[in-house]
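Chain S is fixed; fit chain C onto it per the hints.
Protein chains: 2
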Amino acid sequence: MSYAELTEATGRVNDLLNAGSVLSWDARTMMPKGGAESRSKQLATLAVAARDLLCSDEMKHALDGAAAEVAGKPDDSAEARIVAQVREAIDYHERIPPELLRRKTELGSSAHEVWAEAREQADFSIFAPALTTMVDINREMAQAIGYETHPYDALMYRFEPGTTEAGLKTLFARLREGMIPLVRAIADAEKPRAEFLFRDFPADAQMVFALQMAERIGYDTHRGRLDTTVHPFEVSFTRNDVRITTRVNERYMPMSLFGALHEAGHAMYEQGVDPAYTRTPLATDLISLYAVGGVSFGAHESQSRLWENHVGRSRAFWKNHMDDIRAAYPGKLDDVDAEEFYRAVNRSEPSFVRVEADELTYDFHVMVRCELEAKMVDGSLNVAELPEAWNATMKDYLGVDVPDDGKQGVLQDVHWSSGQIGTFCNYTVGNIMAAQLFETATIESPDIQTALDAADYTPLRTWLTNHVAQHGRRFSRDELLEKATGRPLDPEPYLAHLTKKYSDIYALA
Amino acid sequence: MSYAELTEATGRVNDLLNAGSVLSWDARTMMPKGGAESRSKQLATLAVAARDLLCSDEMKHALDGAAAEVAGKPDDSAEARIVAQVREAIDYHERIPPELLRRKTELGSSAHEVWAEAREQADFSIFAPALTTMVDINREMAQAIGYETHPYDALMYRFEPGTTEAGLKTLFARLREGMIPLVRAIADAEKPRAEFLFRDFPADAQMVFALQMAERIGYDTHRGRLDTTVHPFEVSFTRNDVRITTRVNERYMPMSLFGALHEAGHAMYEQGVDPAYTRTPLATDLISLYAVGGVSFGAHESQSRLWENHVGRSRAFWKNHMDDIRAAYPGKLDDVDAEEFYRAVNRSEPSFVRVEADELTYDFHVMVRCELEAKMVDGSLNVAELPEAWNATMKDYLGVDVPDDGKQGVLQDVHWSSGQIGTFCNYTVGNIMAAQLFETATIESPDIQTALDAADYTPLRTWLTNHVAQHGRRFSRDELLEKATGRPLDPEPYLAHLTKKYSDIYALA
Numbered sequence: 001m002s003y004a005e006l007t008e009a010t011g012r013v014n015d016l017l018n019a020g021s022v023l024s025w026d027a028r029t030m031m032p033k034g035g036a037e038s039r040s041k042q043l044a045t046l047a048v049a050a051r052d053l054l055c056s057d058e059m060k061h062a063l064d065g066a067a068a069e070v071a072g073k074p075d076d077s078a079e080a081r082i083v084a085q086v087r088e089a090i091d092y093h094e095r096i097p098p099e100l101l102r103r104k105t106e107l108g109s110s111a112h113e114v115w116a117e118a119r120e121q122a123d124f125s126i127f128a129p130a131l132t133t134m135v136d137i138n139r140e141m142a143q144a145i146g147y148e149t150h151p152y153d154a155l156m157y158r159f160e161p162g163t164t165e166a167g168l169k170t171l172f173a174r175l176r177e178g179m180i181p182l183v184r185a186i187a188d189a190e191k192p193r194a195e196f197l198f199r200d201f202p203a204d205a206q207m208v209f210a211l212q213m214a215e216r217i218g219y220d221t222h223r224g225r226l227d228t229t230v231h232p233f234e235v236s237f238t239r240n241d242v243r244i245t246t247r248v249n250e251r252y253m254p255m256s257l258f259g260a261l262h263e264a265g266h267a268m269y270e271q272g273v274d275p276a277y278t279r280t281p282l283a284t285d286l287i288s289l290y291a292v293g294g295v296s297f298g299a300h301e302s303q304s305r306l307w308e309n310h311v312g313r314s315r316a317f318w319k320n321h322m323d324d325i326r327a328a329y330p331g332k333l334d335d336v337d338a339e340e341f342y343r344a345v346n347r348s349e350p351s352f353v354r355v356e357a358d359e360l361t362y363d364f365h366v367m368v369r370c371e372l373e374a375k376m377v378d379g380s381l382n383v384a385e386l387p388e389a390w391n392a393t394m395k396d397y398l399g400v401d402v403p404d405d406g407k408q409g410v411l412q413d414v415h416w417s418s419g420q421i422g423t424f425c426n427y428t429v430g431n432i433m434a435a436q437l438f439e440t441a442t443i444e445s446p447d448i449q450t451a452l453d454a455a456d457y458t459p460l461r462t463w464l465t466n467h468v469a470q471h472g473r474r475f476s477r478d479e480l481l482e483k484a485t486g487r488p489l490d491p492e493p494y495l496a497h498l499t500k501k502y503s504d505i506y507a508l509a
Numbered sequence: 001m002s003y004a005e006l007t008e009a010t011g012r013v014n015d016l017l018n019a020g021s022v023l024s025w026d027a028r029t030m031m032p033k034g035g036a037e038s039r040s041k042q043l044a045t046l047a048v049a050a051r052d053l054l055c056s057d058e059m060k061h062a063l064d065g066a067a068a069e070v071a072g073k074p075d076d077s078a079e080a081r082i083v084a085q086v087r088e089a090i091d092y093h094e095r096i097p098p099e100l101l102r103r104k105t106e107l108g109s110s111a112h113e114v115w116a117e118a119r120e121q122a123d124f125s126i127f128a129p130a131l132t133t134m135v136d137i138n139r140e141m142a143q144a145i146g147y148e149t150h151p152y153d154a155l156m157y158r159f160e161p162g163t164t165e166a167g168l169k170t171l172f173a174r175l176r177e178g179m180i181p182l183v184r185a186i187a188d189a190e191k192p193r194a195e196f197l198f199r200d201f202p203a204d205a206q207m208v209f210a211l212q213m214a215e216r217i218g219y220d221t222h223r224g225r226l227d228t229t230v231h232p233f234e235v236s237f238t239r240n241d242v243r244i245t246t247r248v249n250e251r252y253m254p255m256s257l258f259g260a261l262h263e264a265g266h267a268m269y270e271q272g273v274d275p276a277y278t279r280t281p282l283a284t285d286l287i288s289l290y291a292v293g294g295v296s297f298g299a300h301e302s303q304s305r306l307w308e309n310h311v312g313r314s315r316a317f318w319k320n321h322m323d324d325i326r327a328a329y330p331g332k333l334d335d336v337d338a339e340e341f342y343r344a345v346n347r348s349e350p351s352f353v354r355v356e357a358d359e360l361t362y363d364f365h366v367m368v369r370c371e372l373e374a375k376m377v378d379g380s381l382n383v384a385e386l387p388e389a390w391n392a393t394m395k396d397y398l399g400v401d402v403p404d405d406g407k408q409g410v411l412q413d414v415h416w417s418s419g420q421i422g423t424f425c426n427y428t429v430g431n432i433m434a435a436q437l438f439e440t441a442t443i444e445s446p447d448i449q450t451a452l453d454a455a456d457y458t459p460l461r462t463w464l465t466n467h468v469a470q471h472g473r474r475f476s477r478d479e480l481l482e483k484a485t486g487r488p489l490d491p492e493p494y495l496a497h498l499t500k501k502y503s504d505i506y507a508l509a
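If you read the protein sequences in the order shown, they are chains S and C.
Position one of the first sequence corresponds to residue 1 (this note's numbering), numbered consecutively onward.
Position one of the second sequence corresponds to residue 1 (this note's numbering), numbered consecutively onward.
Because identical chains share one entry, a pair is satisfied inside a single copy or across any pair of copies.
Distance condition first, Cα-Cα at most 30 Å in a straight line; then the derived DSSO-like pairs of lysine-lysine:
| id | residue 1 | residue 2 |
| --- | --- | --- |
| 1 | K73 | K41 |
| 2 | K60 | K41 |
| 3 | K483 | K500 |
| 4 | K500 | K319 |
| 5 | K191 | K407 |
Just so you know, the hints here were simulated from the structure itself, not pulled from any lab data.
This structure is a prediction, so every number in the text was calculated from the model and none was measured.
So here's chain S without its partners, still in its complex pose (with noise of 0.2 Å):
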């Protein structure tokens, strides 16, 4: 009985944090404005509950007896692979001291005023204080945590378990050495025609089509549904109810269709996941205690990167939806072509800002924001040298003169001013895992193209259900990868990927 204790318990844990997830999506998009203080209590109160039953005696009693109850099952069996998580995460968790915790999420709701203040100020002084005291307590997390050889490791396990510093130095500096000569290249290049995206494009329209796209591509809303915000989310309450949201800008289109079709990608993983797995472990984050199917943020990204780029940025699926979308904007794209449009929605240009960052330059803001924050916790650079170290890099990345330590600079993105440093690597991993698995299930089954050139997604999808999303979080992402593709984390796909694609858009040598 004692397995059947331990996910009777861990389901309870699941349900605790799937109902943060509730609340945390009905702040974002249904809350009125009133209710935000009280809203904060109930997430915290649901976090500390799911954290105190992951780590007590009931729940270790039942690991206990479940331990011994699946002892002869392969290591990499469901149940095997249940016992060690909760087993670690447990381990986890009490390392770190309840008041490093209550430090951490204490200033995490202080600071984000201070940064909003200062981002809105464009001055970087007034976070900077804020900043650094914590990256201090990142510090001592990362000493609570432990490490082998840097304490960025350790900040980067909640998020993307198995990556190093170290790792990333060589992953970033083969990246650059591919995509840099793309970028010089383009900004010689003739620009390819994109006025028509900037056309007055009506927000009820944009949503239908943004839907219609989103299930065209398998996205199933039975269980989900896609609403407006300001930033686009996907957000899982167990496979059977994934909501993805996009947002509209009615002077510029593509922003909610490819919103729709990225977080349409996000949420095929969750709806992929084995059934059985629902309200397990396999299906819980127990490290970063968020209740998610897939097994991390970077493989999660991958699987939003491959539909929204490999897919919806693909010259086939303009060739096939041309249509749809005239249809779907009565007169506004009657002089454009299939081919125009697709290398408009493709076009690459250096900027100052992350979440507005094209496929081919998004990555160098990755790279940014990983080097720099590894220095400031390994204490090579101090928090008031960072503004001046982040200008310089994206001036030697991208050729940019950042204008200012606002909105378009150093303050732009709200991740440190919550104290979460350690997660922006997850974007880049995404977009390398995504171009290797589309590239193994295309010369695999090569049917898959075929039917991505007929408009019909259902093979890849299926190859991807098969080989990612239904294993849950039973393998680690390099075990997915390896069984998937044949090896780990491999960035050649991707910059054969970019080579090709915009080589070809640019016409580059």
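Positioned in the frame of chain S, the structure of chain C alone reads:
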């Protein structure tokens, strides 16, 4: 520090219960169909977590310390009441054996489908076995909870503390004495014109007007929002986020409007609770395990009924807002004057269905249910005899021949399917209390009626906030009434109100 520890711990109980309320609201308004199964598990876990925290050793320890700490405070101080209410709630929950609660919960979820099937087929025999078990379980609950005179008293306790079967008998007899002659006289009187209410009113316009009127009487949408559901309801997640819903029938416009006014009345109760009570037991029903600031279900209903019936269905209201409703539905009501509209929305006619009953006949539906519930609970009525008893009582009170045992008869309400017995009295308590409060308010402060005549709802709202809402759950319903009106629940103002209103509308002798 112990009193502070107590309110910290009860604050977390409140958070968990509010989280459950958010999940319930979401399930009824936003959730995709696929989410239902996971959601019910999440709700169950939250309810258990709240109950376990309430009855935890930590809570009892804090309670003992707090009791010593506030020993010198007056009995009706907030602190003394909090200590007393927490102690009473722990005692209440610990009297109910966990296995009995489990049986009730399990039957509650399985019986729902059986009831729905029986209702659809209009075949009571399908539901009879489940209802028999449910009645037995409720009898066991009554024994566990304890009572002085009648087991029904124990079941009503969590909904309307202090209400007894004997008290209801007296109350209902007096109501019938005053109301049956009105019902009979109206049957022979000329019916007011009402055909214009059934015209085609677009759903969007109905929602706009419903919200406009809800805000007009004082519902604060900075701390609330209006949505549509099949059954209208109000739910709060602290006073800072109080949401309402209404239902829209494009061929019967009053439904959305009076639904919104009714729920706005509930909402203003919650929005008016003293902010100092937020997250405390004075804004948490620890007996019913529901995060609510209103002191009883009946007291809550008094506020919704007061705003719906005494304000929204008053002659003055339509004198003032006839132009508004004409503007909301251009061209639809040009041939209707304020007096005609007032009479139309106050017409009365015996009917079969409680939720569609008018102000005068509603209480008869309540009486039927309470009387039959009490008899089933004390064993003087067998479940098998229920349909016959139902139909006979409906004939006796309202003179109608119930056509079937389904949607128009004994199976119409969902309550029994979930095991709820003892809740129906609240509606009549609410009607009586509404009239009693409204009479006192307008006698005590004549400027309240003057203001209402000028479409100024602030003086009435202020009076109700001062005499009812602000106190949250600090005073019992009858304490509130004693303080506000000088006496406990008294049906005479209600009977006087009905007699005056209907004698006038129907020109009765």
